[in-house]
Every structure is written in structure tokens, then in C-alpha cells.
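Line by line, the protein sequences give chains A and B.
Residues 5 to 188 (the numbering used here) are what the first sequence spells out, left to right.
Residues 849 to 938 (the numbering used here) are what the second sequence spells out, left to right.
Below are the SDA-like pairs computed for lysine to any residue, each with C-alpha atoms no more than 20 Å apart in a straight line:
(1) A:Lys183 - B:Arg896
(2) A:Lys91 - A:Ala185
(3) A:Lys71 - A:Asn30
(4) B:Lys899 - A:Gly184
(5) A:Lys183 - B:Glu903
(6) A:Lys127 - B:Ala919
(7) B:Lys935 - A:Cys45
(8) A:Lys71 - A:Tyr54
(9) B:Lys899 - A:Leu125
These aren't lab readings, by the way, just hints derived from the structure by calculation.
One-letter residues, chain by chain:
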Amino acid sequence: MISAEEIKSLIERYTANLMRAAFSLNFDENEAEELVQATFCAYLEGGSRYQKRSQLLTYLFGILYNKARETRRRRDRHPSLEAIDEKFDSHFDAEEHWDQPSMDSMTEVEKQVQSSAIGHLLKECLDGLTEIMAMAFTLKEVEGISSSQICAILRLTPSNLGVTLFRARNKLRECLMNKGAVIV
Amino acid sequence: MSLLDSLMGMTCQRFARHVANGEEPLGGGSYRRLQFWVHWTICPFCKRYWKEIREINRLHRSMSALANHPAVPLPVIKRRLTEGILKRYS
Numbered sequence: 005m006i007s008a009e010e011i012k013s014l015i016e017r018y019t020a021n022l023m024r025a026a027f028s029l030n031f032d033e034n035e036a037e038e039l040v041q042a043t044f045c046a047y048l049e050g051g052s053r054y055q056k057r058s059q060l061l062t063y064l065f066g067i068l069y070n071k072a073r074e075t076r077r078r079r080d081r082h083p084s085l086e087a088i089d090e091k092f093d094s095h096f097d098a099e100e101h102w103d104q105p106s107m108d109s110m111t112e113v114e115k116q117v118q119s120s121a122i123g124h125l126l127k128e129c130l131d132g133l134t135e136i137m138a139m140a141f142t143l144k145e146v147e148g149i150s151s152s153q154i155c156a157i158l159r160l161t162p163s164n165l166g167v168t169l170f171r172a173r174n175k176l177r178e179c180l181m182n183k184g185a186v187i188v
Numbered sequence: 849m850s851l852l853d854s855l856m857g858m859t860c861q862r863f864a865r866h867v868a869n870g871e872e873p874l875g876g877g878s879y880r881r882l883q884f885w886v887h888w889t890i891c892p893f894c895k896r897y898w899k900e901i902r903e904i905n906r907l908h909r910s911m912s913a914l915a916n917h918p919a920v921p922l923p924v925i926k927r928r929l930t931e932g933i934l935k936r937y938s
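Start from the sequences, fold in the hints, and give me the full structure.
Structure below.
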């Protein structure tokens, strides 16, 4: 049985990481808090399943991811993953060179105006990622979790993780471009 | 095929796939890496794509850092979580 002090310490130590992950999956503040609470509860109820081979944070990310999937599966639908790959391939000609070169450069003033809005657009675009894409991208870029640990959390092979990140980044890029954002 | 042709043997699509994937090694060792960076130097479109992907990564990190400052302060969230969980398991 875990003591009250241990519960407090657990919450103190891991809430920020879990809230960040929940936000990246585009849950609002209330939903994120509920998701984090459900994650802690699931850990406390099934703590005996935790094996100290992995870090506790990694284990908690795994629980949060599964809880998030359950929630999002009920409310979201996503276009097929093949569509992202097709869209990526459509940018290249038969010689594998860019068919439609990217956007024009911006002036410094335009960049400043743009940068204030682009974060907002990125948040909207993150909502278009599947939960596995958003989670993999966040664990990699924000939490700095190693690829092997991400594979363990998301139950992916290293090759599948590469494909997932490839799709996440290209989907975000396409989405930002479709919204008229000039990224650099 | 001259050495120069060989060094420029990487296609834009292969370059872009490697940039966005980021996990799988290019294969072919240091010569392939040299091809990658030669291509980066000579192809403005790929250089732009490379910058865009890096910027998307950076933006995501910045946006996530903002999540450290939710409308409800983190200590309040922690307190609520602690109260709720202790109530449930006491």
C-alpha cells in the first residue's frame, strides 16, 4: 500500500510532464487534469505491474497514452495515414526533385507578425495528428525521451517510430502551409 | 560517372524523407552523409524543407513550454490532484 506522502511526492514530481503530454494531445486544461488524475489512479491501482526496468516517468507516459487513446477514440476520426504519404510523394517529380518548390521568403517584419500567429496555428494542426503521432512527436522533441523508450511506451519498432515521426512532421507542415503559414 | 556526379547523387525526396524521419540512419556510412550535406548545400528547396522541419520541432517545444503556465497555476492543479487522489484512496 502506497502512503499519502508517496502519493504527494508522485504528484509533485510528475504532474508537469504529464500535463505537457496531455496538452500536446490537444486536451484542454480540464480534460488534461482529468487525464493526469486517471493516469495516477491507474498507476496506484496497478502499481504492482510496474517493473523497475523502466523509469517511472516512462511507465506513466505509457498509461497516459493509453488513457488518451481511449478518450480520443470516442471523439475523433482521422484521415488515413496513407493520405499523408501520398501528399508527401506528390511534392516530387519522376526524378525525385521538388515539383512545387516551397514558399517565398519573408521579410523580417513579416516574420515577426507571423511568429505570433504560427504557434496558434500549430496548436490547431496538432489536433489533426493521430494520438500516436502527437505522443511520439512530443516525447521525442519536448520530453527528450530516447527512441528506445518511446518505442517501449508506444509499442513501436524503431522503423515504425521513424515512419510515425515522418508522418507527424509532414502532416504538421502540410497543415501549416494550408493555413497560409510561412514557417521560415 | 565523375566523383562530383556521385557526390550529387542524392535526390530531394530521399533527402526530405531522411530529414522528417530522423530515426533511421541513411545507410552507406560517411559517404552517404557527405552526399546528404552536399545536397543540403546545393539545393535551396531542400535546405528550406530542412529549416521548416527544424522550425516545426522548435515551435512544438516552445508551445509545450507554454503548457508549464496553464491558466490555472500548476501548484493549484497539484493540490487538486492530491486532494482528489488521497480522498479516493484513503
